[in-house]
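Engineer: Sequence:
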Amino acid sequence: MAKKFIDIMDTTFRDGFQSVFGARVLMNDFLPAVSAAKEAGINHFEFGGGARFQSLYFYLNEDAFTMMDKFREAAGKDANLQTLSRGVNTVTLDTGSRELIDMHAKLFAKHGTTTIRNFDALNDVKNLEYSAQRIKHHGLKHEVVVTMMDLPPNCVGAHDAEFYEKCLREILDSGIEFDSVCFKDASGTSSPEKVYRTIKMARRLLGDNVHLRLHTHETAGVSIACYLAALEAGVDGIDLAASPVSGGTSQPDILTMLHAVKGKDYDLGGLEVDKILKYEDVLHDCLKDYFMPPEATQVSPLIPFSPMPGGALTANTQMMRDNNILDKFPAVIKAMREVVEKGGYGTSVTPVSQFYFQQAFNNVMFGPWKKIAEGYGKMVLGYFGKTPVTPSADIVELAAKQLNLEPTTAPAIDIADQDETKSIAHTKAILEKEGIEATEENIFIAAACKEKGIAYLKGEGKVMVRKNSDIIKPATKSGSNQFSVTVNGHNYNVEVADGFDNFTLKSITPAKESSQPKDEPKAVSSTGASNEITATMSAGVFKILVNIGDSVKAGQTVVILEAMKMEIPIEAGCDGEVEEILISQGQTVEDGQLLVKLK
Numbered sequence: 002m003a004k005k006f007i008d009i010m011d012t013t014f015r016d017g018f019q020s021v022f023g024a025r026v027l028m029n030d031f032l033p034a035v036s037a038a039k040e041a042g043i044n045h046f047e048f049g050g051g052a053r054f055q056s057l058y059f060y061l062n063e064d065a066f067t068m069m070d071k072f073r074e075a076a077g078k079d080a081n082l083q084t085l086s087r088g089v090n091t092v093t094l095d096t097g098s099r100e101l102i103d104m105h106a107k108l109f110a111k112h113g114t115t116t117i118r119n120f121d122a123l124n125d126v127k128n129l130e131y132s133a134q135r136i137k138h139h140g141l142k143h144e145v146v147v148t149m150m151d152l153p154p155n156c157v158g159a160h161d162a163e164f165y166e167k168c169l170r171e172i173l174d175s176g177i178e179f180d181s182v183c184f185k186d187a188s189g190t191s192s193p194e195k196v197y198r199t200i201k202m203a204r205r206l207l208g209d210n211v212h213l214r215l216h217t218h219e220t221a222g223v224s225i226a227c228y229l230a231a232l233e234a235g236v237d238g239i240d241l242a243a244s245p246v247s248g249g250t251s252q253p254d255i256l257t258m259l260h261a262v263k264g265k266d267y268d269l270g271g272l273e274v275d276k277i278l279k280y281e282d283v284l285h286d287c288l289k290d291y292f293m294p295p296e297a298t299q300v301s302p303l304i305p306f307s308p309m310p311g312g313a314l315t316a317n318t319q320m321m322r323d324n325n326i327l328d329k330f331p332a333v334i335k336a337m338r339e340v341v342e343k344g345g346y347g348t349s350v351t352p353v354s355q356f357y358f359q360q361a362f363n364n365v366m367f368g369p370w371k372k373i374a375e376g377y378g379k380m381v382l383g384y385f386g387k388t389p390v391t392p393s394a395d396i397v398e399l400a401a402k403q404l405n406l407e408p409t410t411a412p413a414i415d416i417a418d419q420d421e422t423k424s425i426a427h428t429k430a431i432l433e434k435e436g437i438e439a440t441e442e443n444i445f446i447a448a449a450c451k452e453k454g455i456a457y458l459k460g461e462g463k464v465m466v467r468k469n470s471d472i473i474k475p476a477t478k479s480g481s482n483q484f485s486v487t488v489n490g491h492n493y494n495v496e497v498a499d500g501f502d503n504f505t506l507k508s509i510t511p512a513k514e515s516s517q518p519k520d521e522p523k524a525v526s527s528t529g530a531s532n533e534i535t536a537t538m539s540a541g542v543f544k545i546l547v548n549i550g551d552s553v554k555a556g557q558t559v560v561i562l563e564a565m566k567m568e569i570p571i572e573a574g575c576d577g578e579v580e581e582i583l584i585s586q587g588q589t590v591e592d593g594q595l596l597v598k599l600k
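When you line the sequence shown up against the numbering used here, it's residues 2 to 600, in that order.
Everything labelled a hint here was simulated from the structure, so no lab data went into it.
Beta carbons are placed, not taken as given, at the ideal position from N, Cα and C, and that holds for glycine.
Any given hint might turn out to be false.
Unchecked claim - When the alpha-carbon atoms are kept at most 27 Å apart in a straight line, the in silico DSSO-like pairs for lysine-lysine are as follows:
1. K329 - K343
2. K195 - K343
3. K402 - K371
4. K387 - K423
5. K263 - K195
6. K463 - K434
7. K167 - K387
8. K137 - K78
9. K598 - K107
10. K263 - K289
11. K276 - K39
As the list claims (entries may be wrong) - Computed spacing ranges between beta-carbons, pair by pair:
12. K402 - K276: 57 to 65 Å
13. E171 - N210: 44 to 52 Å
14. E407 - G368: 22 to 30 Å
15. K265 - G460: 49 to 57 Å
16. V274 - V300: 32 to 40 Å
17. V300 - E407: 22 to 30 Å
18. K544 - D420: 18 to 26 Å
19. E433 - Q403: 29 to 37 Å
20. A226 - D328: 29 to 37 Å
21. E398 - G176: 35 to 43 Å
22. E433 - D30: 30 to 38 Å
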């Protein structure tokens, strides 16, 4: 009897890059590997969408639509090129209006997409209906999704096989048109038994003719077991990645899965080991200079308790590295458990995973529940749709008070339509003011990426890629045996002693930094009396709202910092006149660094 053919989607160039490098990989560096994958017999790729849309404008100074066009050229006209969309959020962290959701599907169809995998992190089917309609309208294949994870211990009410059956039945009852169904576990926390029961249930409801897939990550260490359980239960397709962006926070490696099914009646995409080895050799060469975060290669025993998706984990740790606060990461992951427990059990996948992480981050940095993150607060208040269970009443009350918003049950898409700033006309006006041509692509870039999209379109984008050749700069010799070495942006003075055929390290000391001293006064609160306004944490300078000579009042926001995709307002502690501004937009500042001085 012939083996059952299992479709393999290669996630290397979207989820793999996202999960290992925080999506920061330049297109010209990886395109040769796409050709190598094609030669290896792969014809189904995840090639864009998700975080690999905004990240190109935020960190790479590249155009996502150009990348998609070049990918199509490399993969060939017959390849199934798939993107990831977040329902009413499309490829952003915020909800979109109907006209922007339509533009998303139209432009992705124009730029080479075959299939859009469409999910809602809350499993609110209302958030999928319009996006599904527009995906089909523009001639694309629609893969509808039920999102999965495991809950922290002692949490009940969602995320079991019965809950997923309820979600799937709601999709079927809604009349949403789809070409395939995917169960997506971005955190990789579902147990193999739950996966087996869920896929069995779905096969029973869908019949034998609907293409059924499972997507998971290795972050919690059970991905291979889950894929084997899904295969046994009747799944038709699974997602895999190629080394070096496989395993750890990413999908299992193609070669590992080929090994796992030896002797079983499954044909994984017709793929052959020798050809995949050649492809992975090319990919290794393409990525050899990229800094590999150690957390990207690890399995974490904490993830089942604090379900952080692989794709969000490294994106967040990379941002923490940028802001010199990576030491806070373990505490934030531990704090995330309570945030999930109180937040209504939305699935930990973007954007909800980012909301969870931002709130846990705030709880660590500012004290438990002292500062409600905007996204998390809006989620528990209902602005992103209906959460699987009702969030904790005390957190809802806190969010309403801090954000000055009332809870709502209105559909998220209707709320977005009523927001004038989410209209095409609003974005066109911004482009016109900036002297930028209002093409559909430019409109969508500006609407999806806000100020950073505008900066890209004006030619002011920055490349923020972590390559080994940039992180460890060549040493410069300052004396006979003295060197100045830069590691991760920090300068060190190194003295060595000559030996017969090598050097012996004599001393290494931090060089004098040109930035503000570490003992600068800590940030003042809005009720403080200091005329020195300092940073509350290590972050980037997003906006400077005052000029020298301006009069300011106590409590007035004078600077907005940005960290972890959040805006952090910095307020004046007293009345005064701006005497000095010691920072510039885009600069990275340290915790306690002097930003503005009043007189």
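Engineer: Determine for every hint whether it applies to the structure shown.
Structural biologist: How the hints compare with the structure:
no., hint, in the structure
1, K329 - K343, "holds, 22 Å"
2, K195 - K343, "holds, 23 Å"
3, K402 - K371, "holds, 12 Å"
4, K387 - K423, "holds, 21 Å"
5, K263 - K195, "holds, 24 Å"
6, K463 - K434, "holds, 22 Å"
7, K167 - K387, "holds, 14 Å"
8, K137 - K78, "holds, 20 Å"
9, K598 - K107, "violated, 49 Å"
10, K263 - K289, "violated, 30 Å"
11, K276 - K39, "holds, 10 Å"
12, K402 - K276: 57 to 65 Å, "holds, 59 Å"
13, E171 - N210: 44 to 52 Å, "violated, 21 Å"
14, E407 - G368: 22 to 30 Å, "holds, 25 Å"
15, K265 - G460: 49 to 57 Å, "holds, 54 Å"
16, V274 - V300: 32 to 40 Å, "violated, 24 Å"
17, V300 - E407: 22 to 30 Å, "violated, 43 Å"
18, K544 - D420: 18 to 26 Å, "holds, 21 Å"
19, E433 - Q403: 29 to 37 Å, "holds, 35 Å"
20, A226 - D328: 29 to 37 Å, "holds, 33 Å"
21, E398 - G176: 35 to 43 Å, "holds, 37 Å"
22, E433 - D30: 30 to 38 Å, "holds, 35 Å"
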